[in-house]
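Novice: The residues making up each chain are set out below.
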Amino acid sequence: MLTLHEIFETIKMVQEENLDIRTITMGISLRDCADPDHRSARRKIYDKITRLAENLVKTGEDIEREYGIPIVNKRISVTPIAIVAESTRTDNYVDFARTLDEASDAVGVNFIGGFSALVHKGFTIADHKLITGIPDALASTNRVCASVNVATTKAGINMDAVCLMGRIIKETAELTADRDGVGCAKLVVFANVPEDNPFMAGAFHGIGEPECVINVGVSGPGVVKNAVERVKGTDFGMLAETIKKTAFKITRMGELIGRATAQKIGVPFGIVDISLAPTPVIGDSVAGILEAMGLERCGTHGTTAALALLNDAVKKGGAMASSYVGGLSGAFIPISEDQGMVHAVEAGALTLDKLEALTCVCSVGLDMIAVPGDTSPETISAIIADEAAIGVINKKTTAVRLIPAAGKKVGDYVEYGGLLGRSPVIPVKSFSADEFVRRGGRIPAPINSLTN
Amino acid sequence: MVMVADISDTTIDMVALKEKLGDKGAKLGVRIDAQHEDAFKYMHRI
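One line per chain: the protein sequences are A and B, in this order. Residue numbering for the first sequence follows our numbering, starting at -6 and increasing by one per position. Residue numbering for the second sequence follows our numbering, starting at 33 and increasing by one per position.
Watch out, some of these pointers could steer you wrong.
Listed next, the stretches of chain A that the computed footprint assigns to chain B, with coverage defined by at least 3 CB atoms under 8 Å from CB atoms of chain B [claimed, not checked]:
#, region
1, 56 to 64
2, 244 to 256
In silico PhoX-like links for lysine-lysine, alpha-carbon gap of 20 Å or less [to be verified]:
#, chain 1, residue 1, chain 2, residue 2
3, B, Lys73, A, Lys5
4, A, Lys5, A, Lys41
5, B, Lys73, A, Lys237
The hints are simulated quantities; they were obtained by calculation from the structure and are not laboratory data. The C-beta atom is built at its ideal place from N, Cα and C for all residues, glycine as well.
Given only the sequences and the hints, what does the whole structure look like? Please build it.
Specialist: Structure (structure tokens):
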């Protein structure tokens, strides 16, 4: 029998602490949509997505009402388009992005991920066509998200891809300059990318995935923050234990909703991604958790240790709560999507260097960070290379989602509203890395990749 | 006040029930919530 305390705790989490399911993401394989004729390939893609995801949004809404747990987003991830489009006789992959946009519009999801290429060891011709089409694809669509994996621990870092992505990010920012470079908010450069990530903008349906699957991303920074505040002044053992237990409960909700959705739609349940995903809503902040642990401002000395403790405790609780934990599964530390991070930057406590350090102990990387519009493509590439190195050496996912906001300087703001939020433009180093990033080729895989 | 109710033999679905209880609560000057038992069970029991 449930206790009154347990019942009230659950209700409080949902009603007062912003507990929600951040996303249910349907992964769809498009490998059988390949066709030499690009029109035919695109028709197959449209038909398959609209057929499989026809009831995704409605099912999500039904489950949301039935269980009383908000499901913020319903989304789709697809096979990397560079693979699907490879056999078509066309140089224009942007039309594939438009098809994805139309299909996602038809089924009512707010984002579709998979305008992607995996180039950690080198480019195919199709990979190159896709990547060079990213700026136009993101400028001319609303819902499509793009990602490029430039490095793995096993392959090393494809520096040609890193170099190219610096230019692609710049071009994307310029093509969407009238909207503060929002195209860049839909573009992620990865190292060690997971193939079952339900979170945008980096979601795609990996090549080892089944025909169709439901993956779930949970949320809950507000719940964890309140739990941490309740154990103020206790030692680290109690702090870690409290976070662990809270993460367990949050993840159980994800497991429940994921399984219910998969069962109703009639596709397999994939994974729960246990990442703590902040939103611009007051209180729903990862920075807020770190500050509740006893830091005056997120970004000050001690922040890396606090984040390491948080991330580890979340994983321990989450791993006990779900049989299938996957995706990114760590704390997200975006700037624009987290009010506490924005305040920490404004207060001068949080810098790009500290953010880079934090990515050593959490899941994603340099996320939703606006940098000056005159930042060179080479500097962006160098920042990507640094992140990729952290991921490759530490056998973990890292990523970069930077917005070189055209015409903006340090102290200006980019404003997106909604989940993407707003962010101050933060400084990058003024010294050049041009000669380094232009050397060409691939940084070899590290010695710790030789595990066989 | 907490009540555990079995609605398996009723014709009303969870969504409609929540709305009706919400309206009734507003008239009585209290907040009435209904939540699926599974949400509590899943969160607090393995």
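Novice: All the hints need checking, so say for each whether the structure fits it.
Specialist: Consistency of the hints with the structure:
Given a C-beta distance limit of less than 8 Å, the hint that chain B covers the region 56 to 64 of chain A holds, as 5 residues qualify and 3 suffice. Coverage of the region 244 to 256 of chain A by chain B holds in this model, with 4 residues showing a Cβ closer than 8 Å to a Cβ of that chain against a need of three. With a C-alpha separation of about 15 Å, the suggested pairing of B:Lys73 with A:Lys5 holds against the 20 Å cut-off. For the proposed pair A:Lys5 and A:Lys41, the alpha carbon gap of about 40 Å is over 20 Å, so the pair is violated.
At roughly 18 Å between alpha-carbon atoms, B:Lys73 and A:Lys237 fall within 20 Å of each other, so this suggested pair holds.
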